[in-house]
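Undergrad: Here are the chains, one letter per residue:
There are 2 protein chains.
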Amino acid sequence: MSFQFELIKKKGEARAGKITTPHGVIETPVFMPVATQSAIKAMSFDQLDACGTEIVLSNTYHLHLRPGEDLIHQAGGLHNWTSYQKPFLTDSGGFQIFSQSRLGKCKINDQGAEFIDNLAGNKHFISPEDSITMQNKMGADIIMAFDHCPDGGASYEATKEAMERTHRWAERCMIQHQNSLEQKLRPEDQALFLIVQGGIFKDLRAQSVAALTQHDAPGFAIGGVSVGESREDIDEIVKYTTPLLPENKPRYLMGIGTKEDIVKAIEAGIDMFDCVMPTRIARHGAFFDKDGVRQLIKNSQYTADFKPLDSSCACYACTNHSRAYIRHLFRSQEMLAATLLSIHNLSYLIKLTNSIREEIFS
Amino acid sequence: MSFQFELIKKKGEARAGKITTPHGVIETPVFMPVATQSAIKAMSFDQLDACGTEIVLSNTYHLHLRPGEDLIHQAGGLHNWTSYQKPFLTDSGGFQIFSQSRLGKCKINDQGAEFIDNLAGNKHFISPEDSITMQNKMGADIIMAFDHCPDGGASYEATKEAMERTHRWAERCMIQHQNSLEQKLRPEDQALFLIVQGGIFKDLRAQSVAALTQHDAPGFAIGGVSVGESREDIDEIVKYTTPLLPENKPRYLMGIGTKEDIVKAIEAGIDMFDCVMPTRIARHGAFFDKDGVRQLIKNSQYTADFKPLDSSCACYACTNHSRAYIRHLFRSQEMLAATLLSIHNLSYLIKLTNSIREEIFS
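These protein sequence lines are chains A and B, in that order.
Quick note, this note's numbering runs 4 ahead of the 1-based positions in the first sequence.
Quick note, this note's numbering runs 4 ahead of the 1-based positions in the second sequence.
The hints are simulated quantities; they were obtained by calculation from the structure and are not laboratory data.
A quick note: this is a predicted structure, and the numbers were derived from the prediction, not measured.
There could be a bad hint or two in this list.
When chains are identical, the list treats them as one kind, so a pair holds in a single copy or across two.
[As the list claims (entries may be wrong)] Listed next, the in silico DSS-like pairs over lysine-lysine satisfying Cα-Cα at most 30 Å (straight line):
1) K294 x K243
2) K355 x K15
3) K302 x K90
4) K14 x K268
5) K111 x K311
6) K253 x K109
7) K311 x K188
8) K311 x K90
9) K90 x K109
Could you put the whole structure together from the sequences, leaning on the hints where they help?
TA: Printed below as a string of structure tokens:
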């Protein structure tokens with residue numbers, strides 16, 4: 005199957021669609037769980053599957069550092085490496101490198117990004133061509149352009165400079181993507197999405213969309229949100245930028261994942277989103293109640309509470325275990341606590357997304 | 005179903021049998037995984053089930069300290085508490101208290117054991133009646149008498165004293181077990197096993213068997229092995245003591261679980277054994293190869309080894325993941341490494357036990 009997007013139904017700006025990839029069909033809008041190091045933390049892939057997952061995101065930055073893209077390539081790509089046969093998406097590493105920049109551990113110029121890694125403290129240099137080659141070798145179904153993601157509080161000038169660099173890099177990414185095909189370094193049907201930048205400035209976002217949509221990319225992402233700007237600014241920019249993107253291409257909002265964020269993003273016309281939050285908060289003992297509000301399982305109110313985390317939820321954790329039992333596991337530092345809370349939190353957000361999809365059809 | 009044991013076949017001293025419990029049938033010989041705090045570390049109960057598990061052991065000492073037997077009783081017993089519906093066995097806490105004794109944190113007299121716990125450093129006193137009441141409340145299918153387990157290096161005199169105390173305590177345990185039934189504190193068909201002591205001294209082991217088998221207990225265990233004595237002494241004592249036990253009752257060797265131990269125990273006529281070792285070593289990155297030899301997944305020889313842990317193994321880890329991938333998970337401190345290695349190690353020992361059972365029938 006080659007990469008395709010089909011827009012099936014619109015309701016206001018909200019869209020229901022279908023992405024076809026070499027590893028199966030994804031119904032949009034879709035929430036993508038994050039397998040940072042090519043594994044979802046505290047979960048097996050069959051547990052992930054049971055949450056209703058349709059596509060998984062992995063991080064090029066982390067996998068480049070360990071075990072390295074060449075080993076994954078040697079294994080036959082991410083699907084063989086992990087044995088997970090559903091679609092994968094890899095990010096470009098740009099976001100993680102930007103995070104190092106905030107620690108003063110990164111220098112960016114037109115060539116690419118020089119940074120000190122968070123593992124061994126080694127110096128690295130990654131160009132747009134490098135990022136694409138890494139992603140080509142890892143063989144995800146969807147890969148992302150290498151972008152310059154400035155801080156949410158960056159000035160207009162700095163944001164504009166990062167955006168223009170992102171545009172120049174997008175062209176280099178596409179050239180490398182084509183070269184890798186000729187060198188047989190990647191699957192034929194690997195889709196390269198381009199990333200819109202422009203920070204909180206509407207005119208820059210419009211410029212970025214205009215510049216990038218000159219290219220016939222298979223999909224577009226909105227990057228540079230949730231990087232330190234206010235909640236209101238994020239909402240405003242997403243609402244403004246999304247409808248500017250081509251209607252016949254999937255639209256991906258990067259790094260967004262609270263219940264409120266998801267609802268607003270879909271209303272703005274977003275098709276794809278990802279976030280580490282549901283699994284990260286699970287490891288710290290937090291779970292979503294039926295209203296999507298975070299609750300802490302360690303609280304003493306759950307000591308003898310034999311009800312499930314969410315009585316309306318059909319996930320493995322909720323159909324098998326009580327709050328009291330999971331609280332005991334969490335207090336006893338049993339890994340199973342993180343597993344059960346992660347399963348529930350992912351299931352919750354995926355179910356939420358699916359129910360919004362149904363509403364679009366209603 | 006009430007508690008029953010059926011001896012089906014003997015081959016030398018080795019036995020194949022069937023234990024019927026209120027929560028289902030167990031084919032013996034059987035390896036029992038250990039859910040110390042009412043969870044198998046790094047595994048869900050469905051993953052445990054897929055390993056071929058027939059009965060699970062939980063530790064009274066740990067569960068008494070947290071969350072407490074009353075909460076588990078309130079939940080409806082261990083099966084409801086964990087939602088695991090296969091048979092449970094609880095130990096008496098005697099072994100863990102003995103471990104505290106080695107740290108100088110325990111005093112034992114005829115009344116019971118006074119000890120400082122390993123969690124909060126609080127002082128506790130547990131009598132045989134207390135231990136049985138705790139186990140009655142937690143409601144496992146099989147519970148164990150409260151025994152005095154001396155150090156493997158203890159003198160003849162000290163070992164004899166501990167043994168005689170164990171015999172006196174056994175009677176008190178049986179009385180409490182009956183009282184709890186009358187007070188409706190326990191399931192009707194809960195089986196109380198008695199524990200043979202006597203250290204490395206054959207005459208004491210024979211005396212202990214003679215004293216305890218005067219009682220019509222549903223099963224007998226050999227305790228006080230693997231507590232510091234030599235491998236040769238363990239083998240010798242197990243080989244000597246096991247055939248002395250009644251043929252029509254299940255025989256449980258406590259805390260034994262290497263491949264060699266299991267093979268020898270079954271040859272001596274043992275029906276049940278348990279050990280934390282397979283899951284504990286998994287969390288430290290060790291797995292059994294096809295010959296049952298421990299290998300370390302972090303070793304660089306596995307860097308690009310895309311074969312399963314054991315090509316002849318049908319467990320979830322071996323049918324889905326490569327050594328290279330699991331090595332990456334382990335080095336990346338992903339919990340999934342412990343999960344996969346635990347699944348494999350438990351599957352290995354259960355498969356080994358099952359294959360010996362088949363040999364008994366051949």
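Undergrad: Going through the earlier hints one by one, which of them does the structure break, listed in rising order?
TA: 5, 6, 9
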